[in-house]
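Number of protein chains: 4
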Amino acid sequence: MTLIDRYRRIRARSCEIALPLSEADCQVQSMPDASPIKWHLAHVTWFFETFVLEPSEPGFRPHHPAFRVLFNSYYNGVGEQHPRAQRGLITRPGLAEVLAWRVAVDQRMEALLAAPADAALAALIELGLQHEQQHQELMLTDLLHLLACNPLAPVYRPRPASAGGAPLAMSWVAPPLPGTAGSAGGLVEIGHAGAGFAFDNEAPRHRQFLRPYALANRLVTQGEWSEFMADGGYRDPRWWLSAGWDWVRANRVEAPLYWRRGDAQSARWQSFTLHGTSPIVAQAPVVHISCFEADAFARWWSEQHLAAGHGPARLPTETEWEHAAAPLAPAAVASGHLADASSGVLCPLPATAGGSGLQQMFGDVWEWTGSAYTAYPGFRAPPGAIGEYNAKFMVNQIVLRGGSCATPREHIRASYRNFFPADARWQFNGLRLACDLLG
Amino acid sequence: MTLIDRYRRIRARSCEIALPLSEADCQVQSMPDASPIKWHLAHVTWFFETFVLEPSEPGFRPHHPAFRVLFNSYYNGVGEQHPRAQRGLITRPGLAEVLAWRVAVDQRMEALLAAPADAALAALIELGLQHEQQHQELMLTDLLHLLACNPLAPVYRPRPASAGGAPLAMSWVAPPLPGTAGSAGGLVEIGHAGAGFAFDNEAPRHRQFLRPYALANRLVTQGEWSEFMADGGYRDPRWWLSAGWDWVRANRVEAPLYWRRGDAQSARWQSFTLHGTSPIVAQAPVVHISCFEADAFARWWSEQHLAAGHGPARLPTETEWEHAAAPLAPAAVASGHLADASSGVLCPLPATAGGSGLQQMFGDVWEWTGSAYTAYPGFRAPPGAIGEYNAKFMVNQIVLRGGSCATPREHIRASYRNFFPADARWQFNGLRLACDLLG
Amino acid sequence: MTLIDRYRRIRARSCEIALPLSEADCQVQSMPDASPIKWHLAHVTWFFETFVLEPSEPGFRPHHPAFRVLFNSYYNGVGEQHPRAQRGLITRPGLAEVLAWRVAVDQRMEALLAAPADAALAALIELGLQHEQQHQELMLTDLLHLLACNPLAPVYRPRPASAGGAPLAMSWVAPPLPGTAGSAGGLVEIGHAGAGFAFDNEAPRHRQFLRPYALANRLVTQGEWSEFMADGGYRDPRWWLSAGWDWVRANRVEAPLYWRRGDAQSARWQSFTLHGTSPIVAQAPVVHISCFEADAFARWWSEQHLAAGHGPARLPTETEWEHAAAPLAPAAVASGHLADASSGVLCPLPATAGGSGLQQMFGDVWEWTGSAYTAYPGFRAPPGAIGEYNAKFMVNQIVLRGGSCATPREHIRASYRNFFPADARWQFNGLRLACDLLG
Amino acid sequence: MTLIDRYRRIRARSCEIALPLSEADCQVQSMPDASPIKWHLAHVTWFFETFVLEPSEPGFRPHHPAFRVLFNSYYNGVGEQHPRAQRGLITRPGLAEVLAWRVAVDQRMEALLAAPADAALAALIELGLQHEQQHQELMLTDLLHLLACNPLAPVYRPRPASAGGAPLAMSWVAPPLPGTAGSAGGLVEIGHAGAGFAFDNEAPRHRQFLRPYALANRLVTQGEWSEFMADGGYRDPRWWLSAGWDWVRANRVEAPLYWRRGDAQSARWQSFTLHGTSPIVAQAPVVHISCFEADAFARWWSEQHLAAGHGPARLPTETEWEHAAAPLAPAAVASGHLADASSGVLCPLPATAGGSGLQQMFGDVWEWTGSAYTAYPGFRAPPGAIGEYNAKFMVNQIVLRGGSCATPREHIRASYRNFFPADARWQFNGLRLACDLLG
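Chains as they are written, first to last, in my numbering: chain E, 1 to 439; chain V, 1001 to 1439; chain Y, 2001 to 2439; chain A, 3001 to 3439.
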């Protein structure tokens, strides 16, 4: 596919997501961490105007000078930003004006791409497209948060039919490590290498020493999570990190985000999704949990399931996850439950009954790891404002891996590093267990 | 005018206010104290459905059961309320649905009013209409606050031409007190009496003892306010109540709300209005000030203007204000700068040059008084949820009098008691000076 | 008594209050509204040094220049103040140094008073003594708050024996109004007049029009309060002002401050006092309630006790209270349960069984009124920093009357106006009911 | 030294720290992160009573049952805890009672140690002693924070004389890596091994792959920090992590904690220390900085100092730090500026002029690393409440290494992992630069 075709397709996808929404739906910011749909549509356009058109067009003039500040997210190198928590207060420009801006920028991009792009320009455009795909996922997560604030529980899109399937039992899978001394671990390489796009934070490819480990063959399910809740998991400090326990009590957390009791007294839980409210699906992966919850679950689970030769269950490190996932891609990406341009199911699905090996590594839910988001050894942020894209967030964030049901399929890869604070729940975040293999 | 004609006219006026606005403009709540336009349009409809249709229609069924909670403002007697600060998050029902609800309720009201209404029903409908007029003013104040959050400074409506006029010098006017012992004061009566609508909090009419006093012939102007600012009024604790000084420092207040410097370093102030941004108008009344600011100004002004036989300038009590205003109404209401159905100037206007006696008593700006909002002697709140309308707010609020340029003309009267907390600035609040007359 | 004798006696009383306390007890500030005992001891000394010695001593030099800021409470006219919420962080000067400062100032005051004081000086000293008496009460209330934070429930002083007594039934007492038209009300005078000390806010004496009213013969008791609680008073929004209901829910209020359940599940309430924890005493006045609670109680009580010829129960206005109390003083002050220099009972006591007329008007608990704290007609604050003493607090405060068991006996009078925000509970605040007498 | 001798010596040291303090100094908690000295003295005693005496003494009875809750810091396994932010409100038990408790527990410990302790008991006692040493450092840091709140700038102890010395130029030191392929890096081992005490979080010893790196020969100095400030370092978002920049602006940070301008307008900075206020010492290490500041400084420094073959300056990883430090200990511990029982200088000192190799690795200031505090591969928390000691804090914290001038000398070692949130400044935290060595 040519770059211009790819540009057209990805840009169109953003509008497609907004299509079922009213102007009001596109306007509102439901919390400071989320942004209005209209803002997303504008910001991704801002990205192309600022980082592609401005340095490329002779005599560049912005579509509207005020948009440079209004729709700058966090690039200090570009200048001031409208305060993040006040994005929803900007009712003008209206949605139609923002869409007109999109059209105008698209026309200018078409003109630019009429001539062959050099490598630097192509790389910037590709970054803009990857950026827009990230915001496509955020549009869905932020929309879900907004709709969940409405007691009428509005439906974004009806749920397409999907196979239910028999449950897949949990088992451990041990990816092979290099070297003869398997029981002692070995050196592996992670990080992006070779051709194809990757974000700066996936480089450089580098060596890490891994001890023998295993990953669960599938994601933790809503049924397993219900057992954790029924066993008082949210009320027992034993399972929780100190900061997690403080968070549980301060926010009176007692279930994943968007889980609700069928009625006030009932123990029957329902979950709110982009397809509306539905009962808990025991085999489907649990989603919309914080890293604190994921970590607590692993500790609780270990007490229930002791196995000889296995250390306690824990979250995988990002090195372990990538080492295990790399050989499976791209087949697992192709078959995983990710977001395609065509409308699909916008909540995680049960693992395929009978599946062998590592299931659900790509798609369904982002998998919390036990790794803090920091620079890879030898990492260098690119110069200029683009260097702010990923590097300046390397503190107090946790790495997630694998993509979700809301991640564009062509956007994910084994080396992809997503990151959020440990208490973030409004993303499609879930977990897979890991453990040490004891000698 | 018949009640049904009055109903139609007032209901139509609400929609007229919303007409220049987009769905997004109508959706957003810019702060917890303000409400979305859509919410206002829905809430006033809720009022008729809940307090008029429900007890009047046999076999009453609500338009939508969830609206009872969603659009209940604060009536505990009716049941739960959607949290006030989250009114802006309700994107469904959309504006069209809310307008359809209005139409449906209007049709049911027409059916109800096809038969003659008894006195109790007529009183409830009248209350609903007065209530809707209050919200018409709030729609304008809340909209102004929203637009003011937008750095693009959007214009709600272009400003119609209005006469500028020469300045009117400030002078004292001393309303006559009853009794021969004028210098010692006398008993006056305030509160609503006779026919015509009044809110419960304007009753009962009762006696108060007044000492000789004078009111300024006009409102305090933006020019006078600029002198206060130039003299360091916002930086000198001498002028301020203790709570006011804390408020100034905590909020870094240095000018009325919506005043902005022309540019960062400039001493030229502009003000943002529903007609957009314009320079300060020296003769026009200052507006969008808190009671703290009004009170501080009076104290500062007194130091500049000592006059024999006059005590220091202060805010008038509500008894003084009403005693002075009652003889002027209804002529002053008819000629005051209030809001008519036809589009007018939505910011206060200079006093008429050459005017004699008390000018601007009705309209332009609500006048802060020095009176806390409490029950009149013998006050009894009506039974039931309607009793929550005014009575439960009788603490930590200050009375304002006289209506503003955003108050429907037919809504104001001499006995009208508006009330807001001392720090409220987003209403059209200003001040008139008063003083004691010394023997 | 000579002024110097009076000075010695009152100054000694402050130290007497601190005597049973450790240096640590005197150091800690348990909340921003409260102050450390050591700070009180220093601040009252600061008052004499700043307002008496500085203008009186030729070549005045302060004991320590930094104390001027450290122990200035809120007098902007004197200069900067150490931040209120950080008073407890000042461990140096230590208690011994503060006491040494007291001694040094006392010696300078003795020298000053060796010569006859002119009227202005005597008035300033008297103000300093009245000020110190106010802080003597605050020392007790702030200490109670501190000790109440300690789960060990420390005792300040053992409780002296006091008579228990049979209950006194509640009845209405109607103070006579002037004029023949008793049923229509009449003009009364309130405010300080004549000789003797009074604060500026008690002046000028002025006329108010009063309608026929009655006061309860005694304070509301803990037994009556228990009925309010048992009837769900804290859970029913009907009884509450809007701001009060918000306050109840935000703070999860379910009983007076310092009331605690005997154990987690028990309905047996205890109260913590300066004499330690003890069971609720049904006949003793309820204390440590907010104005919101007092107001809600009155509304609840009215529903239980309808009486022909009487309007609903409510809080008295300060005019009503003073009009009723003035004829009783000074006998009622002499016999009331106030604080004497000798140790007494530091919690309110039951009314005397068989007492007739208005009981407990002075002492036991400060009585919340329905009156906002504002300037009396014609009030003028004194010039200079002393003018900040009372005047700058005249907004968002409610008047309380009558003194408490912690108020020095010689400090109270009928015209005395205490004031606190409506949510203040750590003072010895209670209530007496009032009602309109219907024609 | 026998265990009982060691016990006596370390316990005595805690009291020695408190000796110059008043009861008030020992009582106050200056912020929620800090604790009162009295609480520290009590809590370390609680540790021995709870974790040593309770399981060891037949028929164990606690000294005071309430102390179990009052002085439990965060051990949910032991039960409830008095709220952390309210530790300063507990004025009873007084300091004397706490000291009496110390004596009582010491006597019971002496009795216990009269018989030989088995390995498990000895390990628990050693843990208690290491714990008490940690609190000895916290006593000093918390005291410094308290005294810094006092505008009188009280001195804890006069400063002993110390050599000033000529400046030591900054240079890079490259610790050798194993293997022949030096330029490609190699596998190293970190973590505690062998005999001697270590905390659970220092285990297990494990392999990490290191690329060629260098450390600065000394700590970053106050002089260098002044250059960063003079160059606008605190005002330029280029240098800062996003969370760091938010922190700078929200807290208006413009200098290290405890730095103050000599006077309001002056550019001459002073710093407040436990020895009082003194001018900035250009050669002394900067201290009381957050990780955000340390990280920003490194980025700023890199722009000023480009060197061929060296990557940009950054914070060292904890693996790099430990790999470099391990060969130097114990000589560097013996000669480092750490806290000895005898009184010393309680602020960091300049590096020795002419020193070669890595200077100041142990003592002076804790060195921020670029490593998030997480579990070492294979880490297992001990069972029971003791497992809460370190493990439950493994999120949102940064590792610091090397000990400070307030760390007991015998408490530190190369594998020691201290950890604090990235914004913590009240500890003796500073930094040393690191960089990649390019091939």
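If you are wondering where the hints come from, they were derived from the structure by calculation, not from laboratory data.
Just so you know, these numbers come straight off a predicted model, no measurement behind them.
Think of the CB as a built atom: it goes at the ideal place given N, C-alpha and C, for glycine as much as any other residue.
Hints may contain errors.
[Unchecked claim] Some but not every residue of chain V turned toward chain Y, in silico, with C-beta under 8 Å:
no. : residue
1   : N1076
2   : V1078
3   : H1082
4   : A1085
5   : L1168
6   : Q1208
7   : Y1234
8   : P1330
9   : A1334
10  : K1392
11  : P1408
12  : R1409
Now the hints, each set against the structure:
1. N1076: Holds: closest Cβ of chain Y sits about 4 Å from N1076 of chain V, inside 8 Å.
2. V1078: violated, 11 Å
3. H1082: violated, 16 Å
4. A1085: At about 12 Å, which exceeds the 8 Å cut-off, the nearest Cβ of chain Y leaves the hint on A1085 of chain V violated.
5. L1168: violated, 29 Å
6. Q1208: holds, 6 Å
7. Y1234: violated, 14 Å
8. P1330: Since chain Y brings no Cβ nearer than about 27 Å to P1330 of chain V, farther than 8 Å, the hint is violated.
9. A1334: violated, 32 Å
10. K1392: holds, 4 Å
11. P1408: Nearest chain Y Cβ about 25 Å off; hint violated.
12. R1409: R1409 of chain V check fails; min Cβ-Cβ to chain Y is 29 Å, beyond 8 Å.
Violated hints for the displayed structure, listed by number in ascending order: 2, 3, 4, 5, 7, 8, 9, 11, 12.
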